[in-house]
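Chains A and B are the protein sequences, given in the same order. First residue of the first sequence: 1, per our numbering; consecutive thereafter. First residue of the second sequence: 1, per our numbering; consecutive thereafter.
Careful, some of the hints might be misleading.
[Stated by the list, open to error] For lysine to any residue, the following SDA-like pairs were computed, each having C-alpha atoms within a straight-line distance of at most 25 angstroms:
id, chain 1, residue 1, chain 2, residue 2
1, B, 57, B, 41
2, B, 99, A, 50
3, A, 58, B, 95
4, A, 69, B, 98
5, B, 99, B, 42
6, A, 49, B, 106
7, B, 57, A, 2
8, B, 11, A, 45
[As the list claims (entries may be wrong)] Just a few of them, taken from the derived set where beta-carbon distance is under 10 angstroms, the chain A residues facing chain B:
id, residue
9, 46
10, 103
11, 104
12, 106
[Stated by the list, open to error] Distance windows between CB atoms, simulated:
id, chain 1, residue 1, chain 2, residue 2, range
13, B, 22, A, 96, 26 to 36 angstroms
14, B, 55, A, 66, 29 to 39 angstroms
15, B, 17, A, 68, 46 to 56 angstroms
16, B, 41, A, 7, 14 to 24 angstroms
17, A, 10, B, 10, 25 to 35 angstroms
18, A, 62, B, 18, 41 to 51 angstroms
Just so you know, these hints were derived from the structure itself, not from any lab. The beta-carbon is built from N, C-alpha and C at its ideal position, and this holds for glycine as well.
Listed below, chain by chain, are the residues.
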Amino acid sequence: AQSVTQLDSQVPVFEEAPVELRCNYSSSVSVYLFWYVQYPNQGLQLLLKYLSGSTLVKGINGFEAEFNKSQTSFHLRKPSVHISDTAEYFCAVSGTSYGKLTFGQGTILTVHP
Amino acid sequence: GAGVSQSPSNKVTEKGKDVELRCDPISGHTALYWYRQSLGQGLEFLIYFQGNSAPDKSGLPSDRFSAERTGGSVSTLTIQRTQQEDSAVYLCASSFTPKETQYFGPGTRLLVL
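Produce the complete structure using the sequences and hints provided.
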């Protein structure tokens, strides 16, 4: 079985500040890792994914994440946030045979002016 | 091109009634997934289709829930004898192959009174 823990339910930051959203996972098998974003009243949009290779993954909107196998973590970072980044962010894992996603509980990022 | 579409966008029903939720995946996508998003349980996997067959139904919460997919395209999620705890947003996602990126629809918001 797989599980995902997002360590912060809410993260408030000021505009242009850096941000890190934390994610830890547990799995007995190899996994793929994902970050999705959900803007208010919208569906889920993929930000970035780690399948294999370089542990630093760059995604859309200036976000990046680093896969750390020893710490079973996949934290999401952005060096300078904008008001428009205000949304809920979900970390997820899947097995490697098909895409059944197990999600974390989500982190609400609120960017203040 | 067209994304994943779901209908209806909102559904209000009375406890005990049956409901059908529809998902139209992106054309050519062979894999289709249903998820549920609720306040209490977060985002949960329900069922996975590859073509018209469902090799993983492990997330269906009870035998009141069923789903089918026809022609390798449209999928219908049916909830019989709805209960208040079924109130949630039901999300559909599709991918070109089971290992590729999933694209999510906007969801159907179900409210059981």
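Status of the hints after comparison with the structure:
no.: 1; hint: B/57 with B/41; result: 18 angstroms, holds
no.: 2; hint: B/99 with A/50; result: 12 angstroms, holds
no.: 3; hint: A/58 with B/95; result: 21 angstroms, holds
no.: 4; hint: A/69 with B/98; result: 24 angstroms, holds
no.: 5; hint: B/99 with B/42; result: 23 angstroms, holds
no.: 6; hint: A/49 with B/106; result: 21 angstroms, holds
no.: 7; hint: B/57 with A/2; result: 16 angstroms, holds
no.: 8; hint: B/11 with A/45; result: 23 angstroms, holds
no.: 9; hint: 46; result: 6 angstroms, holds
no.: 10; hint: 103; result: 4 angstroms, holds
no.: 11; hint: 104; result: 8 angstroms, holds
no.: 12; hint: 106; result: 7 angstroms, holds
no.: 13; hint: B/22 with A/96: 26 to 36 angstroms; result: 30 angstroms, holds
no.: 14; hint: B/55 with A/66: 29 to 39 angstroms; result: 33 angstroms, holds
no.: 15; hint: B/17 with A/68: 46 to 56 angstroms; result: 48 angstroms, holds
no.: 16; hint: B/41 with A/7: 14 to 24 angstroms; result: 19 angstroms, holds
no.: 17; hint: A/10 with B/10: 25 to 35 angstroms; result: 27 angstroms, holds
no.: 18; hint: A/62 with B/18: 41 to 51 angstroms; result: 46 angstroms, holds
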